[in-house]
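Trainee: Below are the chains, spelled out letter by letter.
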Amino acid sequence: MRVIGIESSAHTFGVGIVDDGKILAKEKEMFHIGTTGMIPAEVAEFHTDNAAEVINRALKSANLNYSDIEGIGYTRGPGLGPCLQVGYLSAKTLAKKLKVPIAPVNHGVAHIESTRLISGMKDPIALYVSGGNSQILKMDNKPFKHYRVLGETFDIGVGNMLDSFARELKLTPSWGSSIEKKASGGKYVEMPYSVKGMDFSFTGLLTKAVSMIPDVPAKDLCFSIQEAAFSMLAETTERALLLTNSDEICVCGGVAQNSRLKQILNLVAKEHGARFGFIEGALNADNGAMIAMVAERMLLAGHSTSIDKCDIEQRFRVDSAEVF
Amino acid sequence: MVIGEGAEAQIYLENILGLEMVVKVRQRKEYRIPEIDEPMRRRRTRKEAGLMIVASKAGINVPHVIAVGKFSIYMEKIGGKLLKDIQNSKTYMEKVGKELARMHDSGIVHGDYTPANIMISGNETTIIDFGLADMSLDPEQKAVDLLLMKRSVTRGMYAHFEHAYVNASRNGTAVKKQLAETERRGRYQSRTLS
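Sequence order for the protein chains is A and B. This note's numbering puts the first residue of the first sequence at 65, with every later residue one more than the last. This note's numbering puts the first residue of the second sequence at 1202, with every later residue one more than the last.
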């Protein structure tokens, strides 16, 4: 089934096309956060300006016409309201015009499922780490098939924490990787470490690191904040792995592009004889292909939503979304 | 001889100078840099041993700590079986309810109070694994101890446990109220570990 997926929950307007789980196209335009971060209305305007062009580009790169599309998926949430609205309206318009079924997709489920399917895993412990989210999840069949949250951040996402710190250091924003680049060769200075069971929090770490900015060299701070944050994620993931007797770990979301995080999680998996799965860099960032992948599975399972029942949901929790 | 393995420690049975001892060792984790790993293991080992001693002084039945190493705790071997492996009963539930009340009143929250961490030998109960324990008088943290037990045993058994806890505890009613509040929070509803 040829399905087009539209993602617009935050800074990225992404369009992907899949057929039978195979990615035919993935195109995107990203709003540049600069030094101010994201102002929802401005980002939404950026998406509106780019929507048509990105959709056309995706069709072109997949060598398809509008009439070849058999289904549509869009991000229902969670995300910034004004941004979600743009993707939702584009998807709705397309569905009406092409008279094809439409499926609303949960953004988090799309990250996890695309990683799970591409890396060929069955039932992994998923560490979902991005700007807004940091959660440890596992599939649960009761009362319906969904991802159960085993542990999560008490405050901000790890990506948000790293980006905020990069801004404090006045590093050029380069999609979260600025800290990783700066961290190489740094020395460890003591940082707070806050883990409670399988939950964790990052604001204390951020406050402490910011308070040391003029006195401690930036590269030492970058190294330390990264090591402390990732150790917290690794420990809680390890606990989840043992508690559920799983033998697979996968990492997804924007921060999954960080190679130090992957190295650390690989060591966790190795210690317990588990398999470690991840996907290539760009697919971890927000993209339309992951939305299309999940939408295709939903539509094939006969789970389409009538156009007038479609909506957006800014606080669409990952564990309230049914998985097909 | 390894007799148990948790997320952060291994449990050995060792014969030292003719004495059977249980040794809990926090192993080095390759995924953490030594600068984080070592102080953390040392801190947690000391904290756990300290809390066990505080609990013991408050009259709670815990394994006696014999010695504390850099990353290991040597303790007395406890006979009997884990509560999770035997037939539960009203008597046991009332006993562990009272025991938890005493522990909370002495300022300790256990953090993982389930039948997997309670040893039964005859009529004696012994609380083990203080790895997630803390000093706290916060009703919220106390409520978590009750919540974990509630999720691990049948409703009837839990009722005996809670009744005994509320009667024996200094502020049992406040903790019970907090438990209802904690349970109402959406995020906990989907997090029940079966």
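Careful: at least some of the hints might be erroneous.
Label-pair restraints from in silico Cβ distances [unchecked claim]:
#1 B/1371 with A/311: 41 to 49 Å
#2 B/1383 with A/308: 17 to 25 Å
#3 A/261 with B/1374: 21 to 29 Å
#4 A/345 with B/1220: 53 to 61 Å
Negatives, chain A to chain B, calculated, CB over 10 Å [as the list claims (entries may be wrong)]:
#5 128
#6 233
#7 235
#8 245
#9 254
#10 257
#11 292
#12 295
#13 298
#14 299
#15 302
#16 335
Bear in mind the hints are in silico, worked out from the structure with no lab data behind them. Note that beta-carbon positions come from the ideal geometry of N, C-alpha and C, so glycine has one too.
Trainee: Hint by hint, work out which the structure violates, then give me just those numbers in ascending order.
Mentor: 9, 10, 11, 12, 13, 14, 15 and 16
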